[in-house]
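Using the hints, position chains B, C and D with the ligands against chain A.
Protein chains in written order, with this note's numbering: chain A, 1 to 140; chain B, 1001 to 1140; chain C, 2001 to 2410; chain D, 3001 to 3410.
Keep in mind the hints are simulated off the structure, nothing from the lab.
No farther apart than 25 angstroms at their CA atoms in a straight line, the calculated lysine-lysine pairs in the BS3-like style are these:
hint, chain 1, residue 1, chain 2, residue 2
1, D, K3165, D, K3144
2, C, K2241, C, K2168
3, B, K1080, B, K1138
4, A, K15, A, K46
5, C, K2242, C, K2168
6, A, K117, D, K3242
7, C, K2408, A, K117
8, C, K2408, A, K15
9, C, K2322, C, K2408
10, A, K80, A, K138
11, B, K1117, D, K3408
12, B, K1117, C, K2242
13, D, K3322, B, K1015
14, A, K80, A, K46
15, A, K15, C, K2322
16, B, K1046, B, K1138
17, B, K1015, D, K3408
18, A, K46, A, K138
19, B, K1117, B, K1015
Quick partial rundown of chain C residues pointing at chain A, CB under 7 angstroms, derived from the structure:
hint, residue
20, H2349
21, Q2353
22, H2366
23, A2379
Over the 12 angstroms line for every Cβ pair with chain C, so calculated as not near, a few chain A residues:
hint, residue
24, V18
25, S74
26, R92
27, A102
Only a predicted model underlies this, so the values are computations on that prediction, with no experimental measurement involved.
Cβ coordinates follow ideal geometry from the N, Cα and C atoms, glycine included.
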Amino acid sequence: MSDDLYQQAIMERAKQPVGAGRLAAPDASVTVDNPLCGDRITLDLKLIDGTIAAVGHQVRGCALCQASASVIASTAVGQKPAAALAGHEVLRGVLGGSEASAPWAALGIFAPVRRHKSRHDCVLLPFEALARALAQAKPA
Amino acid sequence: MSDDLYQQAIMERAKQPVGAGRLAAPDASVTVDNPLCGDRITLDLKLIDGTIAAVGHQVRGCALCQASASVIASTAVGQKPAAALAGHEVLRGVLGGSEASAPWAALGIFAPVRRHKSRHDCVLLPFEALARALAQAKPA
Amino acid sequence: MSGATAFDPAAVRAQFPLLMRGLDGGPLHYLDNGATSQLPQAVLDAMIRFETTSRANVLRSVHRLAEAATDAYEGARLDIARYLNVPGDEIIFTSGTTSAINLVARSFGEGMQPGDEVVVSLLEHHGNFVPWQMLRDRRGITLKILPVTDEGRIDLSALTRTVTKRTKLIALAHVSNVTGAVTDVAPVVAAARTVGARVLLDGAQRTPHGPLDLPGLGIDFYAFSGHKMFGPTGIGCLWAKKELLASMPPLMGGGEMIRTVTVERTEWADVPHKFEAGTPPIAQAVGLGAAVRWLMQLDWTSASAHEMRLTQRVLDGLGRLKGARVIGPSGLQGRAPVISFELAGAHPHDVCQILDGFGVALRGGHHCAQPLMDHFGVAGTTRASLALYNNDADVDALLTGLDAAAAKLR
Amino acid sequence: MSGATAFDPAAVRAQFPLLMRGLDGGPLHYLDNGATSQLPQAVLDAMIRFETTSRANVLRSVHRLAEAATDAYEGARLDIARYLNVPGDEIIFTSGTTSAINLVARSFGEGMQPGDEVVVSLLEHHGNFVPWQMLRDRRGITLKILPVTDEGRIDLSALTRTVTKRTKLIALAHVSNVTGAVTDVAPVVAAARTVGARVLLDGAQRTPHGPLDLPGLGIDFYAFSGHKMFGPTGIGCLWAKKELLASMPPLMGGGEMIRTVTVERTEWADVPHKFEAGTPPIAQAVGLGAAVRWLMQLDWTSASAHEMRLTQRVLDGLGRLKGARVIGPSGLQGRAPVISFELAGAHPHDVCQILDGFGVALRGGHHCAQPLMDHFGVAGTTRASLALYNNDADVDALLTGLDAAAAKLR
Ligand SMILES: Cc1ncc(COP(=O)(O)O)c(C=O)c1O
Ligand SMILES: Cc1ncc(COP(=O)(O)O)c(C=O)c1O
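Here chain A stands alone, though its shape is the one from the complex (with noise of 0.2 angstroms):
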């Protein structure tokens, strides 16, 4: 059954999100679709010292998307970009069948994600955005 996708850690994620709402004044912001279905995450990034230092999001999207968005606020304040940019392969890796490293061992939850290949890329969504992000912090 597919709705074991929608287990409490997701859903509680994807209710109450972490990082919520753009931030005032970003550093970096980016927009990020998904030309298949439509979704759309807005991702404002703060960074102090080379350290990030608050995280914002708007997701038009899937429980899944938010509750992507949600891990990627509460684990990447405080990180070096280097660290954060970690998450994206942690999030490959668990798609595809590897189990979550600290610090970002909270995408344990999208474990069951990974029978759901039309699903893959609402969780990865947020993480392309994040990438994005912080390109464009870089240079400034």
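Just chains B, C and D with the ligands, lined up with the frame of chain A:
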């Protein structure tokens, strides 16, 4: 067996076609192609007092096309345009299963073509040329 | 298979091997017919028969196989023409609705001048929207957009102020793939006639629901896909009046569409072959021919009544579901069995995913109609689209699953 | 079906239901493979399996059927990419060779300026000739034509004087569908590189004869059809390097090829989907994937040797037949098993018709290569085109039938 197409009656007409060659000063001259097979006929007409006085043809086509042009040349000379055009209908009839009637009885040799739809255009092509040539000659 | 027989939904369903097989050992409630319908055994058999007894290229060779293939291919064209009540040589085989409409945009459309106008609506599928946007950007035409009503219909009251002397084409969905609204064609044709514009209907969502009389509609172009009407993928048709087709340049060049080719110049073959460059989708045409023959032996009065009864059940069920909002006509009048809805607080993909757990196949998202989604202020909708083989068990499973989804997601 | 097995022609032939069935109770000697090849049971089975277990639209819905359909479709893309030794996302599904080449002409070609040059050859199939003529008439480019040698090969010695700084594309047949000549690609690529031109190969007659290493050829575009390589009709592919595809505008607009659509503007999706507007030929892609998997498990060293041995037998037989003239290379070097010939005094259609009486399927006519026919001063040729399932009995029947035709027609 489909080689019943190549009976003596057709092959004789094809090998010694009546009217082969161009006319010197035709009143009408048309070239018609079969787009699907690349066959081509040029048909020349001479009319005297509204009667077909001579037919010449140059065929780059198969035995069926040659034989058909030959039947035209041997039958249409001396006819009025309306009688000549009637040959087109007689031939369609033969291909549909009817008997060939005088003065176009010679078209009966094409009865075996009936079963070979892909060859109908081969025998019809010279008659299409004849129709166009007569149309061209009319205003003159 | 000959003569109209009374419509028996269970007997019809039994002819669809995939529906009978079900999904992972459980039943399959296939309600994603608007995306692609299932294939009846008769169509599969016709294609297998073609591949194993008559496979060859068409219009090319004189051997018996090639004659059989050509007969099958051209015979399919005639069957499809009968389904639409038009002459066979007005049917052009394309690879689908999208390529049919793009053909019109790139051929008929190239004859337009800067400032000429094409009128579409806000509810068009991207397949009848993007080609005209591209034409606009290529040729400098003006793209005008008819609004939609609150019930998700094209707002035809806007025709008079939208259509002008510069209007060359009005291109609209016959049936919306999102709202299920059936367009009232007569006023569109009337508006077009007053200014000499042509009318194109995108029939992708109409053709699965029974035979048509295109000349009776008074339109100029009709486009549709095989895979949505119980036929194969990889095939569709463009219908247009012969004089119109004769006046249009071909889009693609290649074999079979020429009369003569020399190094200097090329003369085109006659319609319809002028528009069918290269080897056409032969087996797929044969399959689509079998699909329309299959469709034509059904009693469409009963089949439509069956589709409408199930549609009403879905609408009623959604009416009882808290937070559900139908995006489309509330009643059955002028409506096809395509039902889109929003479930407050729940994303369509999550709804579809949970329903998949109940064996119910739905589609969620923008349905290739983003401008309409923007208009209704939603990212997407959830859509149940029915075909004549659906039954009460399908509707029951849908409504049960939606209750569960609502509970879980909110 | 896994692992390369020794090539057994009889065992291969036994996998083709139509060949086993024969024709009207007699044997079928199918030598019209250059027009369309036959379909092995494995491909038919793959398509039936798709239609009866996984049929749904792709890339759209999240239900299990749609996931299975998407996997099958994208999996086929990867299999085809393996056959050509290229990355999967460089394969674009089209409806055939003709539409693949027209796509290049209408997309890459639109970037050309008046005076820019496209180089083709005199032996091209209309599918690789007419699109460039149309581009010439549309954009004012210059179309340059490489001559052919007496042996029916593209005369590559003319490259240096033909290719100039204005040359943007050299578009040639990889294998001629008339003469069977295999084009020597290296000098073409070298000539193109010196002026920064791109190279397109029309691979329609090459892909049925074993896997390829496209990157090793150094070319930029490759086009081919499924139906000539033991796959379904209604499908073909364009391969091009990803950067090149990324720089090209789409030809068709519609669903699946967009990132976002608003009333004002549209952003395209990434390659390859940018070029696949609308519902693609899904079952046909699945079938073509099965065809290349089937092809890849054969031992192509033996299979090619088998094809070449039969080709030599045909050439020898024609050498003994009075009045026969081969139009094409006299030997096996740089030659595919496509053999065209003239029989003095006999029209190709009559030859084919008489051979049909012997159960031999040939093609006669201009083979969609009228400029080449004009060059050789013939209205058409008779062509025997072989595939790996042909056998000695096919060659025997051909040679016996030709003797009879010669006697009858002259
Ligand atoms: C060399 C060549 N190019 C192009 C084509 C056109 O292929 P299709 O008709 O499948 O588009 C063919 C086949 O007829 C061919 O032999
Ligand atoms: C109304 C409408 N138009 C056009 C299309 C495009 O059809 P296809 O994808 O078969 O080209 C669809 C189907 O998706 C549709 O529903």
